[in-house]
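Each chain sits in its own coordinate frame; assemble them with the hints.
Protein chains in written order, with the working numbering: chain Y, 1 to 310; chain H, 1 to 305.
Treat the hints as calculated values from the structure; they're not laboratory data. Remember, it's a predicted structure, so these values are computed and weren't measured experimentally. Be careful, since some hints might not be right.
[Unchecked claim] With beta-carbon atoms standing in for the labels, derived distance ranges:
hint: 1; chain 1: H; residue 1: I135; chain 2: Y; residue 2: S169; range: 50 to 60 Å
hint: 2; chain 1: H; residue 1: K35; chain 2: Y; residue 2: S169; range: 52 to 62 Å
hint: 3; chain 1: Y; residue 1: E198; chain 2: H; residue 2: K41; range: 44 to 54 Å
hint: 4; chain 1: H; residue 1: G163; chain 2: Y; residue 2: K50; range: 25 to 35 Å
hint: 5; chain 1: Y; residue 1: D89; chain 2: H; residue 2: K41; range: 23 to 33 Å
hint: 6; chain 1: H; residue 1: G132; chain 2: Y; residue 2: I161; range: 58 to 68 Å
hint: 7; chain 1: H; residue 1: Y30; chain 2: Y; residue 2: N226; range: 30 to 40 Å
hint: 8; chain 1: H; residue 1: E194; chain 2: Y; residue 2: I6; range: 23 to 33 Å
hint: 9; chain 1: H; residue 1: S74; chain 2: Y; residue 2: I128; range: 44 to 54 Å
[Claimed, not checked] Only some residues are given here: those of chain H computed to face chain Y with a beta carbon under 7 Å:
hint: 10; residue: F161
hint: 11; residue: G165
hint: 12; residue: V167
hint: 13; residue: S241
hint: 14; residue: L245
Glycine included, every Cβ here is placed at the ideal spot set by N, Cα and C.
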Amino acid sequence: MLSYTIKRLAQTVFVLFGISLITFVLLQIVPGDPVALMLEKRADPETIAKVRHELGLDLPYYVQYFNFIKGAIHLDFGTSYFTNEVVSDALFRCFKVTFKLACMSFVFSAVIGIPAGIFSAVKRGKGIDTVVMILSIIGVSAPAFWVAIILQIIFGLKLNIFPISGFDSVASYVLPSVALGARYAGSMARITRTSMLEVMGQDYIRTARAKGVRKWAVILKHALKNALIPIVTLIGTDFGYMLTGSMLIEKVFSIPGIGKLAVDAMSNRDLPLLEGTVMYIAFVFVIVNLIVDLSYAFLDPRIRYGKGVV
Amino acid sequence: MSKKIFGFFNKQKQFEKDVLENNMQYSSFYGDSFKQLKKNKIAMFCAGIIIILILIAIFAPLIAPYDPTYQDYSAVLAEPSMAHPFGTDEYGRDILSRIIYGSRVSISIGIVAQVVASLVGVTLGSIAGYYGGKIDSVISRIMEIFQAFPDLIFAMAIMTFMGKGVVNLFIALGLLTWVRTARMIRGSVMQLKEKEYIEASRASGATTYWIIMKGLIPNCLSTIIVLVTLGIPNAIMYEASLSFLGIGIVPPTPSWGNMISAAQTFINYRPLYSIMPGVAIMITVIAFNIFGDGLRDALDPKLKN
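Next comes chain H alone, as it looks inside the complex (with noise of 0.2 Å):
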């Protein structure tokens, strides 16, 4: 008996001693989660790709070698040289700073579209998820409706109505893409808030908006987080098919997918202006998809499929 507690004792202090002499700490959940993430050697060199995409739309100006707008008539439609790598457009611009470019927009559209879609499907999810009965159903049915209409004929529709230009393309991106949030949100606050520290709240008295804020949200980040991330490509992908049916982004402004759309006519002897936007997006996209997946397996393995 004696014995067991001095084991016991013995066993405290050994840990203790490893705390305080050793350096050992205690590990949190992201930071956990961070050591994993950082095993997974493919989604860390996606993740340093997408770094330097975004490095590379933040300094546009210092890296590009041309004013993307620039109209230079003396070499319209040349050939790659040195001075223009993939050559210049149909208005003498020059391609490699128009795709350079490029990436605010789309990167930019990205983001922003997920956030927009994370404020409004975290809000409706959670407050679905939590009420239940017939604000539930009556928000569940309007999800139903928004993931039964075919995802590009929406956003088209959307863009026609309501103009084109970035903020309507951040709407309508927005709009197409808060379901998946709010499906993944509303399942796991239906579950988290059967659990006791939630009812312990409750019985202290906290309100339903500080239960929701602070007890039930900051639960749901890390599945917000792999949502976003892998909702980033989608988004990306929406924006380039609709600037490439001419209502999305409108040129002069450079979009992968306005490029795409302007080179179609020149396919027959300036492949490589065709080519080399559609090489920006697929990197862009198998960058974040990648990383999401990463981010996935360390934060939120319960989300795969």
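Chain Y extracted, bound-state conformation (with noise of 0.2 Å):
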């Protein structure tokens, strides 16, 4: 296990490394001078000249690289081109609301997900199992901002239920919440059923049935416990994705959270905003995987040992 972690943590860094340099060269290859937006039209060459100086960005290339790592490490970003707040500031600040989004979403999922997906499991081939199987689909290939669009006309409009819009109270987080959730619970229902499905077959639970342990006893208790651990995987990559991609779902209901953030640094060109977003995210998303990895192979000992690992 340890030197899994190792090797695991070794990769997770190189690939922190790589994310900064990409992001790095596409913030040089970016259209237009950022300090000649910043500055607007008034500034003459002289004090273009003086604020690029200051920022910084009149150094060679690999000087700007290892200082933007070095405040990388340091999470120091730098301040907005735009609100001058301090960009680590704004990402504590946007985060806290993105990851309470996330984590509401991340329990609707499950809750809903996982037993929805048991059920058509243990009554496989029946309706509840085909109605359970085609609300998935439809989970998984309607596109999320449009299912807070029809849950934001059915429940906030025409029955005037839930608000719209903001992020303040209880009943403001419903609508986000299922409209993030909803692919998420649909291929949960999935993996579930399918994993469900595998293990059922399995001779130890027919040998469980057969000494007359009761039928949901041994559907939770035996075949759930060892179903779950593709579940655990997939469960946590989700909450990765939920982490970081909720700007689609951000923008519907004007939430001030991480990705309404990463969309105004991309629309008003903020470059230290848009470094620290990017690469705050990226951090965010890589980290969860290495979580989830891990966690993975401690549950299950062949992917420390084996090949498991590409």
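Given below as structure tokens:
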């Protein structure tokens, strides 16, 4: 386990460096001078040169990259060109909101998806199985932002139960969480079903049934426990996606989260903020995946020793 | 003994007779797979939907009742009627016509992005798998970095840096999805290159290029076909998301994503405006996904999971 952990950690550090390099390169090829954009048209060339010097943009690329890495390690990405807010402050402020949203969507998708998958595996081929599978296909295939708008129309405007924007009260959490979680509920239901069916076909389940253990005790105690490994992996990866991919939902409900921050930074070409959000989102995503992989290896020893890691 | 030999000859004769007289055919790999696929009713139904969608995209000018960019200011945000089945948008453009033209964007982007992804993925994957060693580890590390980037933010970043537009969207989505193809091809090539027939062609002096192009890639073709089919709905979804965020296809060119984005302001009194483009996305994505699953089961069952 230790050697696997070290190997995986080294890989993560390497990947983070790669991401920082790609981010840096992409930032260099942005069309248009950010300083000119920032100062708009009133600046004369002298002022532009001065600001460039202050921001360290006149240094050679490798020095700039080194400074960028040094800043990133200290979580120091400078201040936003537009709002003058310290980037790391903005990141923490918005991350709190997105984290809350991701957690609630996560709870929603697990509470709906896993039991639905178990039911449809147990009642394989019956009506409920078909209904669950059709719903999960719709959940996976419908764009999340569109589901969000449909929810707004039905529950916000027609039934008037939940507010259609903002993120300040418990009621306002409901629609965004459902909209973000719908797709993952669908994929969780599918993977739970597949995994349960696989486990339930095995001999020890038949033995347990033959011994006279009650049906649901077999399903929940014997089968589910072993079916959980692929589910846990998927859940972890999904959580990473919810944390980093909520920008569409945040836009629909105007939630001031990390995704909205990223979209704003991109439309304003606010480079420090953009650097910060991209690195931050990538970092969170990579770390979540690292935790998932380590817990997977912990649950299933074959991964640690075998060729499970490609 | 003689009976045994006789029996063998009889069987052989019977077989030849079957082939010649009863029109029995030797079956090929793709022929077999196609037969298998034809048995899958839902997949065939979805194939029908895909063909209809492609025909709609090609013949959009003939099918659409209006020009998708024609602005009729006497009918701004009109209610659904006989003239405008789904109503009109904020510039008085017919929504049905815009949805029909939107299929061109979605389907072409889905297909071209997958072609880009396959070109990059197959090239890098087969090189990594065939050479192994240092080349493999360099390419594998690059794939890890690409895979670690959260997908949407990566596409957004590329689009911001390269600018909006169709061609950049092709590149961004291609770059986003090539890793999956490369991984699969790398795995298959690694297995295949140990086979005797590759050994034989190497012994008889075939060049590396020939071995990869003629010996390895044709054997990966079914994997590539399945990956492309299952990749198309993904690319369509990304295109819709990016256009929704305003950094993919920009109006007046209609795309299902940017239509929903524009419709968001009017959900209060024109809900149909935002619902219908989403239905179009959903039908397309479901059709490609289910057909792709069927294709995978028929061509390459080991790809499952």
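request  = Any hints from earlier that this structure breaks? Give me their numbers in increasing order, please.
outcome  = 3, 5, 11, 12
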